[in-house]
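Enquirer: Here's the letter readout for the chains.
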Amino acid sequence: MNTLRLNTLQRYRPAKFKKVGSALLLLLAVFTFSLVAPSADAHDNKKIPRLANGKPDFSGIWQTTSAADYDLEPHSNRKDAPPGPGIVEGGEIPYLPKALVQRKKNFENRATDDPALKGYTLGVPRAVYYPEPFQIFQRARDLTVVPQFGHSVRTIHTNNTEHPEDPNDWWLGDSRAKWEGDTLVVDAKHFNDKTWLDRSGNFHSDALQVVERWKFLDPNTIEYKATLTDEQVFSKPWNISVILHRHREKNFQLIEDYRYTLDYDQYYPPKPDQK
Amino acid sequence: MKNNVSHLKLKLNIKNLVILAIATAPLMAVSADDAKAKEAKPQQQPVAAQQADGPNYRNEASFPKIASGKWTGPKLADGQPDISGHWSNTIANHNNFTDPQGGIPNDPAPRRTPLGKREDRAPSRVSDPADGQVPFQPWALEEVKKFQVGFHNPTEPKYIEPLARCAPCGVPKSFYWHGYEIAQYPGYVLFVFNNGTRIIHLDGKPHLPEKVKLWNADSRGHWEGNTLVVDVRNHNGKALFGRSGEFISENGTIQEKYIFSSDRKRFNYEAVFTDPTVYTRPFTVTIPARQWTYEDKPNGWHFEARLAKHAGKEPIVEREERICAENNGGFGLGARK
Numbered sequence: 003m004n005t006l007r008l009n010t011l012q013r014y015r016p017a018k019f020k021k022v023g024s025a026l027l028l029l030l031a032v033f034t035f036s037l038v039a040p041s042a043d044a045h046d047n048k049k050i051p052r053l054a055n056g057k058p059d060f061s062g063i064w065q066t067t068s069a070a071d072y073d074l075e076p077h078s079n080r081k082d083a084p085p086g087p088g089i090v091e092g093g094e095i096p097y098l099p100k101a102l103v104q105r106k107k108n109f110e111n112r113a114t115d116d117p118a119l120k121g122y123t124l125g126v127p128r129a130v131y132y133p134e135p136f137q138i139f140q141r142a143r144d145l146t147v148v149p150q151f152g153h154s155v156r157t158i159h160t161n162n163t164e165h166p167e168d169p170n171d172w173w174l175g176d177s178r179a180k181w182e183g184d185t186l187v188v189d190a191k192h193f194n195d196k197t198w199l200d201r202s203g204n205f206h207s208d209a210l211q212v213v214e215r216w217k218f219l220d221p222n223t224i225e226y227k228a229t230l231t232d233e234q235v236f237s238k239p240w241n242i243s244v245i246l247h248r249h250r251e252k253n254f255q256l257i258e259d260y261r262y263t264l265d266y267d268q269y270y271p272p273k274p275d276q277k
Numbered sequence: 398m399k400n401n402v403s404h405l406k407l408k409l410n411i412k413n414l415v416i417l418a419i420a421t422a423p424l425m426a427v428s429a430d431d432a433k434a435k436e437a438k439p440q441q442q443p444v445a446a447q448q449a450d451g452p453n454y455r456n457e458a459s460f461p462k463i464a465s466g467k468w469t470g471p472k473l474a475d476g477q478p479d480i481s482g483h484w485s486n487t488i489a490n491h492n493n494f495t496d497p498q499g500g501i502p503n504d505p506a507p508r509r510t511p512l513g514k515r516e517d518r519a520p521s522r523v524s525d526p527a528d529g530q531v532p533f534q535p536w537a538l539e540e541v542k543k544f545q546v547g548f549h550n551p552t553e554p555k556y557i558e559p560l561a562r563c564a565p566c567g568v569p570k571s572f573y574w575h576g577y578e579i580a581q582y583p584g585y586v587l588f589v590f591n592n593g594t595r596i597i598h599l600d601g602k603p604h605l606p607e608k609v610k611l612w613n614a615d616s617r618g619h620w621e622g623n624t625l626v627v628d629v630r631n632h633n634g635k636a637l638f639g640r641s642g643e644f645i646s647e648n649g650t651i652q653e654k655y656i657f658s659s660d661r662k663r664f665n666y667e668a669v670f671t672d673p674t675v676y677t678r679p680f681t682v683t684i685p686a687r688q689w690t691y692e693d694k695p696n697g698w699h700f701e702a703r704l705a706k707h708a709g710k711e712p713i714v715e716r717e718e719r720i721c722a723e724n725n726g727g728f729g730l731g732a733r734k
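Keeping their order, the protein sequence lines are chains A and B.
Here the first sequence is numbered in my numbering, starting from 3 and rising by one per residue.
Here the second sequence is numbered in my numbering, starting from 398 and rising by one per residue.
It is possible that some hints are incorrect.
Said to hold, decoys possible - With a straight-line cut-off of 20 Å between C-alpha atoms, the simulated DMTMM-like cross-links for lysine to aspartate or glutamate are:
hint	chain 1	residue 1	chain 2	residue 2
1	B	706	A	144
2	B	710	A	167
3	A	191	B	718
4	A	191	B	715
5	B	706	A	164
6	B	543	A	275
7	B	610	A	134
8	B	602	A	251
9	B	706	A	267
10	A	252	B	553
11	A	273	B	607
12	B	710	A	144
13	A	180	B	715
14	B	694	A	167
15	B	706	A	171
16	B	610	A	115
17	A	273	B	539
18	B	706	A	167
19	B	543	A	267
20	A	217	A	182
21	B	694	A	168
22	B	608	A	168
23	A	273	B	600
24	B	706	A	189
25	A	196	B	717
26	A	252	B	717
27	A	191	B	717
28	B	608	A	259
29	A	57	B	475
30	B	610	A	265
31	B	542	A	275
32	B	710	A	164
Keep in mind the hints are simulated off the structure, nothing from the lab.
This structure is a prediction, so every number in the text was calculated from the model and none was measured.
Only chain A is shown next, with the shape it has when bound in the complex (with noise of 0.2 Å):
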């Protein structure tokens, strides 16, 4: 579709201004060429899906590619990981001495203590780069982000709306949202401190604070990046940034992973050879 405008330009336009001079044609090239560059990158951004109200459309089911939820930082392959380059800027996190001391704690006890190993709400920011797809239906006032992993649902509030006066310590927190151009930015927090940040035991305390960025690379592509301030366990605030695909695959669905109910999954529903 561009591709085709901008040659029905381009053939239209020799004609157009063949009795001018060449010197003005010349400098008409360069003009017209700064103009149709810019108008290229235009068309681009409009081949990204929107609502009604114009604002980007992230509706659609996406998931990374990336080893983030095994470590976010760089680490060798190990038994239960695959190597991975981290996807923290800068590299490491900037832990405070006490707060480095549970977190290698936790790295320990990764195969028991990790929470989503028990199948709870995996948190923000790690249900946007856990290793399951997850869904987010939109409107003008919201995003509604349903994870396949514990199909617990996350609202973005994208209405002017503030957090509340009375917040709660929530699993998913509390995400209100403005646009920067085709920028989502989100402002979330008012977390609890049960979650963790991947499966190698990086954590937060329930003073984590996380905004993020979220911005269409083409269509089918997000730029996710996060900064996540927390004064309880950082020194520093920090970044990371992720890249999300859209799943395209025919008749693609989420399909709900309440993992939490395996252990008891065998004693439901009666069967007829129970005595």
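Since the structure of chain A is provided, determine the placement of chain B on it from the hints.
Expert: Only chain B this time, still in chain A's reference frame:
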């Protein structure tokens, strides 16, 4: 998980579990108490007191029929009838499937108010057959009766109502377990329940492979006028229908109709349950619901919502996060770590 858990231990767990954990403290203390009271001591719900508390939409003894037909209310841009909002059932919770206001079957605890006559209470959720009973095969009826005894003093894991372990409510219990939000998007109707989420696909894609079994099943729907028609398959049958122990198996299918009144105030859920391995014939379940709006007071059971903080004047209702956390693992063990 061992089957031979000691009697005492189970009893203790049950005590802890009956009060379901709600990850967020409800907004209003009154609402929280209300919800807890309903959960912990449902037999003490005085119907009369509830009625005195406002319009009788929480404990209706009867409800209007809504005819399938034309939708004359507002529509969304994609043509769906606009029924987005906050909804809750109008008769009772999951204590008793076939006598919704009759209390938990075999409850040893004394009632605060007399039960009264059956015809003064809401009808069975089984609207067909006429006797209001699920047409169970003999083996299944026997299991239900055993559950109704075992529930009060569980000696085996299967007598614990799975919801007490934070399992999703599934179909149909989600429609009489707390209020819920319905949101609509092109191609989807989304149910956000107090405990679990259901995505209704409107785009006609085929169901998941039969081997995939889910607590909330797999739903394909379409609109016929004022009625959302949903074909439900891939049910894992594990959620049970309530504290009275009725159930469907993983072989069952459900044909649902959500019939909305065009004023958006109510809908009736009418669904045909079919399962040749559990029932002797298909039967129909009817569950009434009403919409809750900003004009209603938040309520820790039916309307777990708050008004958003913002600079504008219009009231914006927000649903609070509902995550059943206390027992996010088998027998409460998972959450103790």
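Enquirer: Run every hint past the structure and note whether it holds.
Expert: The hints, checked one at a time:
{"no.": "1", "hint": "B/706 to A/144", "in the structure": "holds (15 Å)"}
{"no.": "2", "hint": "B/710 to A/167", "in the structure": "holds (17 Å)"}
{"no.": "3", "hint": "A/191 to B/718", "in the structure": "holds (13 Å)"}
{"no.": "4", "hint": "A/191 to B/715", "in the structure": "holds (17 Å)"}
{"no.": "5", "hint": "B/706 to A/164", "in the structure": "holds (5 Å)"}
{"no.": "6", "hint": "B/543 to A/275", "in the structure": "holds (14 Å)"}
{"no.": "7", "hint": "B/610 to A/134", "in the structure": "holds (18 Å)"}
{"no.": "8", "hint": "B/602 to A/251", "in the structure": "holds (12 Å)"}
{"no.": "9", "hint": "B/706 to A/267", "in the structure": "violated (41 Å)"}
{"no.": "10", "hint": "A/252 to B/553", "in the structure": "violated (44 Å)"}
{"no.": "11", "hint": "A/273 to B/607", "in the structure": "holds (19 Å)"}
{"no.": "12", "hint": "B/710 to A/144", "in the structure": "holds (18 Å)"}
{"no.": "13", "hint": "A/180 to B/715", "in the structure": "holds (17 Å)"}
{"no.": "14", "hint": "B/694 to A/167", "in the structure": "holds (18 Å)"}
{"no.": "15", "hint": "B/706 to A/171", "in the structure": "holds (17 Å)"}
{"no.": "16", "hint": "B/610 to A/115", "in the structure": "violated (28 Å)"}
{"no.": "17", "hint": "A/273 to B/539", "in the structure": "holds (11 Å)"}
{"no.": "18", "hint": "B/706 to A/167", "in the structure": "holds (8 Å)"}
{"no.": "19", "hint": "B/543 to A/267", "in the structure": "holds (19 Å)"}
{"no.": "20", "hint": "A/217 to A/182", "in the structure": "holds (10 Å)"}
{"no.": "21", "hint": "B/694 to A/168", "in the structure": "holds (17 Å)"}
{"no.": "22", "hint": "B/608 to A/168", "in the structure": "violated (45 Å)"}
{"no.": "23", "hint": "A/273 to B/600", "in the structure": "violated (35 Å)"}
{"no.": "24", "hint": "B/706 to A/189", "in the structure": "holds (15 Å)"}
{"no.": "25", "hint": "A/196 to B/717", "in the structure": "holds (18 Å)"}
{"no.": "26", "hint": "A/252 to B/717", "in the structure": "violated (34 Å)"}
{"no.": "27", "hint": "A/191 to B/717", "in the structure": "holds (14 Å)"}
{"no.": "28", "hint": "B/608 to A/259", "in the structure": "holds (15 Å)"}
{"no.": "29", "hint": "A/57 to B/475", "in the structure": "holds (17 Å)"}
{"no.": "30", "hint": "B/610 to A/265", "in the structure": "holds (16 Å)"}
{"no.": "31", "hint": "B/542 to A/275", "in the structure": "holds (16 Å)"}
{"no.": "32", "hint": "B/710 to A/164", "in the structure": "holds (14 Å)"}
The structure does not agree with the numbered hints 9, 10, 16, 22, 23 and 26 stated previously, though it agrees with the rest.
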